[in-house]
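On the provided structure of chain A, position chain B as indicated by the hints.
From first to last, the protein sequence lines stand for chains A and B. Residue numbering for the first sequence follows the numbering used here, beginning at 1 and increasing consecutively. Residue numbering for the second sequence follows the numbering used here, beginning at 194 and increasing consecutively.
Calculated from the structure, these hints are not laboratory results. Keep in mind that the hints are not guaranteed to be accurate.
[Unchecked claim] Interface residues of chain B toward chain A, partial, derived using beta-carbon atoms under 8 Å:
id, residue
1, V232
2, L234
3, G237
4, Y240
5, R302
6, T306
7, E335
8, G337
9, G349
10, S386
[To be verified] Stretch by stretch, here's where chain B covers chain A in the computed footprint (C-beta under 8 Å, at least three residues):
id, stretch
11, 16 to 28
12, 49 to 59
13, 155 to 169
14, 183 to 190
[Unchecked claim] What follows is a list of derived Cβ distance ranges for each label pair:
id, chain 1, residue 1, chain 2, residue 2, range
15, B, R321, A, S2, 53 to 63 Å
16, A, W167, B, H241, 12 to 22 Å
17, A, R8, B, E292, 40 to 50 Å
18, B, G244, A, L80, 35 to 45 Å
19, B, P274, A, R8, 55 to 65 Å
20, A, G42, B, P310, 31 to 41 Å
21, A, Q10, B, R206, 44 to 54 Å
22, A, N7, B, E331, 52 to 62 Å
23, A, D9, B, G233, 42 to 52 Å
24, A, S2, B, Y240, 53 to 63 Å
25, A, R119, B, G237, 53 to 63 Å
No residue lacks a Cβ here, since even glycine has one placed at the ideal position from N, Cα and C.
Protein chains: 2
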Amino acid sequence: MSARAANRDQKERIRRKAAQLFARNGYHGTGVQALSEAVGLGRGALYHHIGSKETLLEEIVTPHIAAMIDLGEALLAQDLPATEKVRRLSRAQMRTLAEHLPEWTVFQRDATTLHGPVRARIFAARERFEAVWAAIVEEGVETGEFRRLDPVAIKGILGLHNYSYLWMRERGRLTPEEIADVFCDTILNGILS
Amino acid sequence: MSARAANRDQKERIRRKAAQLFARNGYHGTGVQALSEAVGLGRGALYHHIGSKETLLEEIVTPHIAAMIDLGEALLAQDLPATEKVRRLSRAQMRTLAEHLPEWTVFQRDATTLHGPVRARIFAARERFEAVWAAIVEEGVETGEFRRLDPVAIKGILGLHNYSYLWMRERGRLTPEEIADVFCDTILNGILS
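The shape of chain A in the complex, shown without the other chains (with noise of 0.2 Å):
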């Protein structure tokens, strides 16, 4: 292994260790001193390794709403139904989410416990994967698949989706995707008979 993937492996190894711990005991509840023994490093490499605390936050919760993101954008650019996309987008939020669950944690939670430029980007972020799912719902609207609702349906939606982060189990009594299929049940149809 080359010295550079051998300090990218590392970096990751800490990320995803401090992503466990923010998620168990807060992002603000986890001192440096717990995260430089979890990882094994003295503080001088650790923050070698991070830079900063918030960079660690930063650097935990970006790839996977990025990835989220793109997702959406090209669902979006898809010759689909709008409700097959919904589908779909619900599936694979569930499925990031199941796989991430400590990484979306910091990222729903603890990242609205902070101020400045890390909380700005991470907030546009969200912003930026909330208007993919307005974008699709829009699109339904205008094919006459979908009600016009007010715009506040989507956080409702986005809300349904993201709130899971406080229940959801790794091995669940539901996939991740089996979920996403009772939530766009709900959503789609109703729970009037």
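This is chain B only, laid out in the frame that chain A set:
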């Protein structure tokens, strides 16, 4: 004012201020020093009133969730169609959330970074509130008003409401009741035309 009433007012003032600080900077991101300065009390006097920071968090959160559970259980006992109960619970939940936004933020977000008995009690309250939602939906299934969906739909409906602590504003474009009505329209009727 009696000494007891003054004491109660003082505690209430500390709770409100602490909720705002916790909501803004996170529970773990709020030091006792910052809290002490915000309420204009020395450390000793502050601890005299709050007992511990964790007790303070519990006292911030508990009255609001208890009030929502009471309201939900009273609704359950009423002779109303399940659809109407869903609408009323949704409106009450969004109104409570809007009027106690810092407290609800601490409840939804910060309680998840605790461990031990306070966390257990707060999570038990959250489950009781979820059980109210589940019972109302079950009532609708039994009367034939609602389709039977997998129980995970309840978690989605909770998320759709609770996640709004992230974007709700005190004077937003819509009233809490109008937001609830859009949410109920989404989950009752679905977005398909």
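**Prompt:** What hint numbers does the structure not satisfy?
**Reply:** 1, 2, 3, 4, 7, 12, 16, 18 and 25
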